[in-house]
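Undergrad: With these hints in hand, go ahead and build the complete structure from the sequences.
Protein chains: 4
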Amino acid sequence: MPDLRLHGVVPPLVTPLDESGEVDRASLERLIAFLLDAGVDGLFLGGSSGEVALLDTAQRRAITEIAVGAAAGAVPVLVGAVDTGTRRVIEHARQAAELGADAVVVTAPFYVQPHPDEVVAHFRAVHAAVDVPVVAYDIPSAVGTRLTPEVVTGLAAERVAVALKDSSGDLASFREIRRRVPADFPLLTGSELLADTAMQLGASGIVPGLGNVDPHGYVRLYRAAVAGDDAAAAGEQDRLARLFTIVSVADPGRIGFTAGALGAFKAAMALRGIIANPATNPPLLPLDDTETKAIAAILEEAGLGEISR
Amino acid sequence: MPDLRLHGVVPPLVTPLDESGEVDRASLERLIAFLLDAGVDGLFLGGSSGEVALLDTAQRRAITEIAVGAAAGAVPVLVGAVDTGTRRVIEHARQAAELGADAVVVTAPFYVQPHPDEVVAHFRAVHAAVDVPVVAYDIPSAVGTRLTPEVVTGLAAERVAVALKDSSGDLASFREIRRRVPADFPLLTGSELLADTAMQLGASGIVPGLGNVDPHGYVRLYRAAVAGDDAAAAGEQDRLARLFTIVSVADPGRIGFTAGALGAFKAAMALRGIIANPATNPPLLPLDDTETKAIAAILEEAGLGEISR
Amino acid sequence: MPDLRLHGVVPPLVTPLDESGEVDRASLERLIAFLLDAGVDGLFLGGSSGEVALLDTAQRRAITEIAVGAAAGAVPVLVGAVDTGTRRVIEHARQAAELGADAVVVTAPFYVQPHPDEVVAHFRAVHAAVDVPVVAYDIPSAVGTRLTPEVVTGLAAERVAVALKDSSGDLASFREIRRRVPADFPLLTGSELLADTAMQLGASGIVPGLGNVDPHGYVRLYRAAVAGDDAAAAGEQDRLARLFTIVSVADPGRIGFTAGALGAFKAAMALRGIIANPATNPPLLPLDDTETKAIAAILEEAGLGEISR
Amino acid sequence: MPDLRLHGVVPPLVTPLDESGEVDRASLERLIAFLLDAGVDGLFLGGSSGEVALLDTAQRRAITEIAVGAAAGAVPVLVGAVDTGTRRVIEHARQAAELGADAVVVTAPFYVQPHPDEVVAHFRAVHAAVDVPVVAYDIPSAVGTRLTPEVVTGLAAERVAVALKDSSGDLASFREIRRRVPADFPLLTGSELLADTAMQLGASGIVPGLGNVDPHGYVRLYRAAVAGDDAAAAGEQDRLARLFTIVSVADPGRIGFTAGALGAFKAAMALRGIIANPATNPPLLPLDDTETKAIAAILEEAGLGEISR
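Protein chains in written order, with this note's numbering: chain A, 12 to 320; chain B, 12 to 320; chain C, 12 to 320; chain D, 12 to 320.
FYI, nobody ran anything at the bench for these hints, they're computed from the structure.
Small disclaimer: the values here were computed from a predicted structure and weren't measured.
Mixed in with the good hints, there may be bad ones.
Under 7 Å between C-beta atoms, here's a sample of chain A residues computed to sit facing chain B [as the list claims (entries may be wrong)]:
no. : residue
1   : Leu15
2   : Thr97
3   : Pro125
4   : Ala132
5   : Ala140
6   : Val237
7   : Gly239
8   : Gly267
9   : Phe268
Backbone N, C-alpha and C define an ideal beta-carbon position, used for all residues, glycine too.
TA: Below, the structure is given as structure tokens:
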């Protein structure tokens, strides 16, 4: 079993699709090879960037199988078990565990409006039901609920969760959690834009959607941060922040925020030759040619060309 | 095939659970018999009151099978195909259709942040993929997105949706939709508290969670409204509004809103002998004894005792 | 003192401005004459439609003086005392009372985040400090806080408030309040689109911003409702709903919602010759020519031409 | 005129009140002396911590006069001109300027729902109307609107605003603004909990409400940050974060968030002898004895006793 002291760069992989809309095995394997070659420390399949909310049963199974196979134990494979209720999450988590995932990543329940004690009950029940470690995932923009410092601290103390992925954007609570959980409880930041800051504040790793496009940048940032070279980390962060503007090129009057952001990641990856096809699952609408050209220009400015194969 | 000009009282059935947490077939069959005996015009399984977000695959299958069997064609059986993304909704809808559901009930996508055009694309794709009519379900409190009058009008014009269930609480937009869709496009209100008003404004039916507890009240209300006896409908509505206070007895400092409301329905139903057990799916926490006694007192005041079997 | 059993149509008057941005006395007097001639039952100055949040001290004073003079006791003059905190509201309320207002209209505190008990304390303190009746004003879209049925019921029982203006859009709570307050406690609806429905549910009056443009329509609606002619009231409501589409012609990518709605009222009034100038206070941006033409077309369709003077 | 390259610790002073509810001159002068003695670099009167939304005209005048007099030119005196609309803000700003304020601090308009271009128009109009520099104040929790990086960058480029006070809690946008505005455009953070982080990210100063209670702590933090001693700054930040827990002792079931936070600052200050009376303006409810004792315990743990006079 790989080291689950989660750390380093753990990109939340996009789910490459072929022209029929099914998982594109070749592209996903190429992506994984590209990420491992860049030096990432883990792979997270079926996160928000992986369109977890849009994947059907076969797609979820496919990405897990492919990733476990392609990672071949080199780094941990995390799989999202993201769903509205406890029993549904347990179904996903068990499937992921059976397919060889090293950990599952679980949000608060949603659609329902839970009390914090029900959020805790959710994590306890999932933990009790599955044979694979649970990473708690705080993403209020998607689920409408926070994992408060009290909730996270409790989950850490009980060892119900083995780590936190924080996509809340709230560094004050991140810091409060860091003060209150044991030093060896990994906190992973989901922020593309404050990765170096989160490292300074005690993050052990980074889970950046943009890491699909430029894993080398985040690996350099992470290594600079670990080495204590804050200026180098900040410089890399600034460069990545400019690259991150790809998520804003889509016209919000035409397509939704999620379609614009995930579409931009995939468009950039297709432009670089990392995946074959920028398509996203329905009902997300595609970027148009103008938007894709804008992304190409940003890539060029960032010095990101086609990858060699 | 039953008449799908949806109308009348179509309760969103709770999902009765036994002590092991599985679907309690006997209770569900008793509930359906009780509702049919009260004169309801349809059954809606796997709605928000049916804990759709908390049901696993086996539970979803069980409630559909039991309901289709118990209804035996007497009234239409609607089944929720409520999920975050298009492909997932199609999976649910196909299963429901295979098991004999007469229609599926579909919300806007959630977790993702869709553009209205993506909401329309979602409904179109579901409609194209399944052999069963689609009822559009507007429930912004759960999904965070409105089905705007533009979206609904478009779905009606294309016959992508055959009806709307409106749980938005916004009668101004309800009325705008009523003005804009064909007269034979059924609008069903999800409001327990404004059912008579919605009827006056052109609703063809009512989908009240509280109808699990007191279907006779909503049937009386509906029939009075259809007969043009607004005063009788309003009187019944006032009585039901007092009964609806059961959803507020739970302590919001202890359990969440959903747990308090669904728990109250089930507690009242167990007190009346309609179902055997008030349990809800995890992670919802149960009502306590004080809360259950408060519900018993409200039932007594409403003149609702044990049902005869 | 005019009858303060508030009832009937009480338009929230716009604040006409001249080209220098000061209150346009002639236009305001013409507006008041127009409204009285149409048969309104009260005048509400300095409401949300009156740009209360954008008026400076001199403008507030001017509209109150002009209205008290022009109304000449024929109908009650209500004046908004809308501000963030208790002492500020008391300052406004005292000035309004000194200038002859018959009642002041007060919202929950805002900018601060109050507890419901602090909202009650706010109304109690204002009531104790001024010699003029207080009308409670529920407008969560502007202040971010609801006046809950509990709060309103308490204010009514203590006679701290003499009436409620409900701009919440929530007819379920409106109805709960109606059930719980004394029958002679006036509830005024701020809804342009559900005025007839609110009347059926026990409203004693209507405070429609659109009543600046078409007071005759709302007077007809009100009188039909009082006479029990629900069909005539509904027909008028449908007509007014089409007219209300003027608030949506502005491009939300260019100017804000408030500017679009208030600008539409004033543009329509200027087109009808009720006021001289459609200008709004800074920082609201003006409608453009295309938008104004769209409003003219809607007016024409509604059969609303220039008023005779 | 003092140096308006705003920098350093600029506490947003509470407004001390006497038993009659008026401004307590002696306490305010003592507070100012205490802060200056601690080494602060500016004074901000009439901010959110100064109960700006709850002050009447006389109170606003009093705090400005007292502060300008007590500061005596030693440090800049900033005064909040916080209100819903442009003309009202101009009234406040002119009064502040006449009384000797060195700058005014202005938020986005609120109550109304402005477009970003209207926010810009607001700042331009205030800037054009007053003879005192304008500091832009981003506080979405109070006003419901963000000052986006685009808005701030534009205000900086036009010199309409001379600085930004950022109370958004969003360090990603803080950082984007830092990248886009000139290096000499001061960014002040309103965060009590991320002050050291904001300094590392390019803040030139800190505006901490908690600085009323422990200005020495923030001065030490600031000086450590400027000296590049990040560890010392972080250690001080951790100490202050523990002290900041005073804002959470109040029971949210009894009093509002604002009352709890501002009441805690004032209770701590009264316990330390900095001000005579912990009272807040109506309608905020006071802390109770248990809550005040909890604050005393936290002060003791932080080593903060009575100040010498």
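Undergrad: Indicate, hint by hint, whether the structure satisfies it.
TA: Outcome of the hint check:
A hinted interface residue such as A/Leu15 counts as satisfied when its beta carbon comes closer than 7 Å to some beta carbon of chain B; here the least separation is about 25 Å, so the hint is violated. Hint on A/Thr97 holds. Least Cβ distance to chain B is approximately 4 Å, under the 7 Å limit. For A/Pro125, the interface hint holds, since its Cβ comes within 7 Å of a Cβ in chain B; the closest pair sits about 5 Å apart. Look at A/Ala132: its Cβ gets to within about 4 Å of chain B, closer than 7 Å, so that hint holds up.
This hint is violated: A/Ala140 has a C-beta 10 Å from the nearest C-beta of chain B, more than the 7 Å allowed. Residue-level restraint check for A/Val237 is violated (minimum Cβ-Cβ distance to chain B is 33 Å; threshold 7 Å). With a least beta-carbon distance of about 38 Å to chain B, the hint placing A/Gly239 at the interface is violated under the 7 Å criterion. Nearest Cβ of chain B to the Cβ of A/Gly267: about 4 Å, under the 7 Å cut. The hint holds.
Look at A/Phe268: its Cβ gets to within about 4 Å of chain B, closer than 7 Å, so that hint holds up.
Of the numbered hints listed earlier, those contradicted by the structure are 1, 5, 6, 7.
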